[in-house]
Amino acid sequence: GAGVSQSPSNKVTEKGKDVELRCDPISGHTALYWYRQSLGQGLEFLIYFQGNSAPDKSGLPSDRFSAERTGGSVSTLTIQRTQQEDSAVYLCASSLDRGLSEQYFGPGTRLTVT
Amino acid sequence: QKEVEQNSGPLSVPEGAIASLNCTYSDRVSQSFFWYRQYSGKSPELIMSIYSNGDKEDGRFTAQLNKASQYVSLLIRDSQPSDSATYLCAGHTGGFKTIFGAGTRLFVKA
Chain Z
168 GAGVSQSPSN KVTEKGKDVE LRCDPISGHT ALYWYRQSLG QGLEFLIYFQ GNSAPDKSGL
228 PSDRFSAERT GGSVSTLTIQ RTQQEDSAVY LCASSLDRGL SEQYFGPGTR LTVT
Chain E
156 QKEVEQNSGP LSVPEGAIAS LNCTYSDRVS QSFFWYRQYS GKSPELIMSI YSNGDKEDGR
216 FTAQLNKASQ YVSLLIRDSQ PSDSATYLCA GHTGGFKTIF GAGTRLFVKA
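Those protein sequences? They're chains Z and E, same order as listed.
Residue 168 is where the first sequence starts when you use the working numbering, and the numbers rise one by one after that.
Residue 156 is where the second sequence starts when you use the working numbering, and the numbers rise one by one after that.
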């Protein structure tokens with residue numbers, strides 16, 4: 168079946184611009200995660216959605232970052248007034264349910280802020 | 156102590172040998188653990204999950220969990236050059252947040 172998809176695959180933007188990153192999870196997966204991975208670094212948790220519950224936003228690094236998930240499926244991560252330190256690969260993952268379920272990752276969006 | 160800790164490596168093993176990757180975790184991390192493999196420039200892919208104390212085998216891979224000592228390991232038997240990648244250990248916190256280690260780079264020499 169189809170895996171997690173993300174778009175765009177690459178995004179180059181100027182400092183100060185807003186960007187939107189999209190994630191389409193595996194059909195039937197109720198949990199969705201966003202992570203950030205800087206070059207040569209590990210995965211940094213950003214936000215987690217589970218069904219219709221309030222999201223866990225505890226990993227968002229600043230109020231410039233926000234995310235929503237419409238209809239329990241597609242999610243959009245928005246970064247306002249981008250800064251150079253926002254440059255990273257943004258990864259989305261989904262899992263069948265919260266808790267013990269394994270996560271399956273999308274291919275990521277490489278964001279470069281110039 | 157980091158919540159999930161791994162030696163960054165690189166770990167270098169000859170082809171055909173057993174590669175042993177280790178991970179320790181703090182009290183904040185719950186009892187469900189995962190190993191992911193990440194090739195350079197690619198996203199992580201799930202190798203194995205382990206929830207109970209002991210060993211779990213899947214093909215050339217064996218995951219081991221020791222709750223008393225708070226460590227989880229991954230053994231790769233008959234290592235191949237195609238196994239060369241970064242291996243990420245991950246565990247759940249009580250709030251279902253997944254915490255990833257920084258990863259161990261593995262090189263398998265032909």
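Since the hints were made in silico from the structure, they are not lab data.
Among the hints, a few may not be true.
To be verified - Computed list of lysine-lysine pairs in BS3-like fashion (alpha-carbon distance at most 27 Å, straight line):
id: 1; chain 1: E; residue 1: Lys-197; chain 2: Z; residue 2: Lys-182
id: 2; chain 1: Z; residue 1: Lys-224; chain 2: E; residue 2: Lys-197
id: 3; chain 1: Z; residue 1: Lys-178; chain 2: E; residue 2: Lys-157
id: 4; chain 1: E; residue 1: Lys-264; chain 2: Z; residue 2: Lys-224
id: 5; chain 1: Z; residue 1: Lys-224; chain 2: E; residue 2: Lys-211
id: 6; chain 1: Z; residue 1: Lys-182; chain 2: Z; residue 2: Lys-224
Stated by the list, open to error - Chain Z regions said to be covered by chain E (calculated; three or more residues, Cβ under 8 Å):
id: 7; segment: 175-183
id: 8; segment: 197-209
id: 9; segment: 221-228
To be verified - The following residues of chain E were derived to be distant from chain Z, with all beta-carbon distances above 12 Å:
id: 10; residue: Leu-166
id: 11; residue: Thr-179
id: 12; residue: Gly-209
id: 13; residue: Asp-210
id: 14; residue: Gly-214
id: 15; residue: Thr-217
id: 16; residue: Ser-228
id: 17; residue: Gln-235
id: 18; residue: Ala-245
id: 19; residue: Lys-252
id: 20; residue: Gly-258
id: 21; residue: Arg-260
A virtual CB, placed ideally from N, CA and C, is assigned to each residue, including glycine.
Structure-based check of each hint:
1. Between E/Lys-197 and Z/Lys-182, the direct Cα distance comes to roughly 26 Å. Compliance with the 27 Å bound is thereby established for this hinted pair.
2. For the given pair, Z/Lys-224 sits about 25 Å from E/Lys-197 by alpha-carbon distance, which is consistent with the 27 Å threshold.
3. The hinted pair formed by Z/Lys-178 and E/Lys-157 fails the criterion: a straight-line CA distance of about 32 Å is larger than 27 Å.
4. At roughly 42 Å between alpha-carbon atoms, E/Lys-264 and Z/Lys-224 are farther apart than 27 Å, so this suggested pair is violated.
5. Between Z/Lys-224 and E/Lys-211 the alpha-carbon distance is near 33 Å, which puts this suggested pair outside the 27 Å criterion.
6. In summary, the hint linking Z/Lys-182 to Z/Lys-224 is supported, as the alpha carbons are separated by about 24 Å, within the 27 Å threshold.
7. Coverage of the segment 175-183 of chain Z by chain E is violated in this model, with 0 residues showing a Cβ closer than 8 Å to a Cβ of that chain against a need of three.
8. Remark: the segment 197-209 of chain Z is confirmed as covered by chain E, as 5 of its residues place a Cβ nearer than 8 Å to a Cβ of that chain, reaching the required three.
9. Residue count for the segment 221-228 of chain Z with a Cβ under 8 Å from a Cβ of chain E: 3. That meets the three needed, and the coverage hint holds.
10. E/Leu-166, annotated as away from the interface, keeps every beta carbon of chain Z farther than 12 Å; the closest lies near 16 Å.
11. At the 12 Å boundary, the C-beta of E/Thr-179 stays outside the reach of chain Z, the nearest C-beta of that chain being 15 Å off.
12. The Cβ of E/Gly-209 lies farther than 12 Å from every Cβ of chain Z, with a closest approach of about 16 Å, so its non-interface assignment holds.
13. Interface exclusion of E/Asp-210 from chain Z stands, the closest Cβ pair being 18 Å apart, more than 12 Å.
14. Distance to chain Z confirms E/Gly-214 as a non-interface residue, since its nearest Cβ pair spans about 16 Å, more than 12 Å.
15. Every beta carbon of chain Z lies more than 12 Å from that of E/Thr-217, the smallest distance being close to 17 Å; the non-interface claim holds.
16. In this structure E/Ser-228 is separated from chain Z by more than 12 Å, as the shortest Cβ-Cβ distance comes to about 18 Å.
17. For E/Gln-235, the requirement that its beta carbon stay farther than 12 Å from each beta carbon of chain Z is met, with the minimum near 23 Å.
18. A Cβ of chain Z approaches the Cβ of E/Ala-245 within 12 Å, the least distance being about 8 Å, so the stated non-interface status is violated.
19. Residue-level check failed: E/Lys-252 sits 6 Å from the nearest beta carbon of chain Z, not beyond 12 Å.
20. Distance check for E/Gly-258 against chain Z: the nearest CB is about 6 Å away, which does not clear 12 Å, and the non-interface claim fails.
21. At the 12 Å boundary, the C-beta of E/Arg-260 falls inside the reach of chain Z, the nearest C-beta of that chain being 10 Å off.
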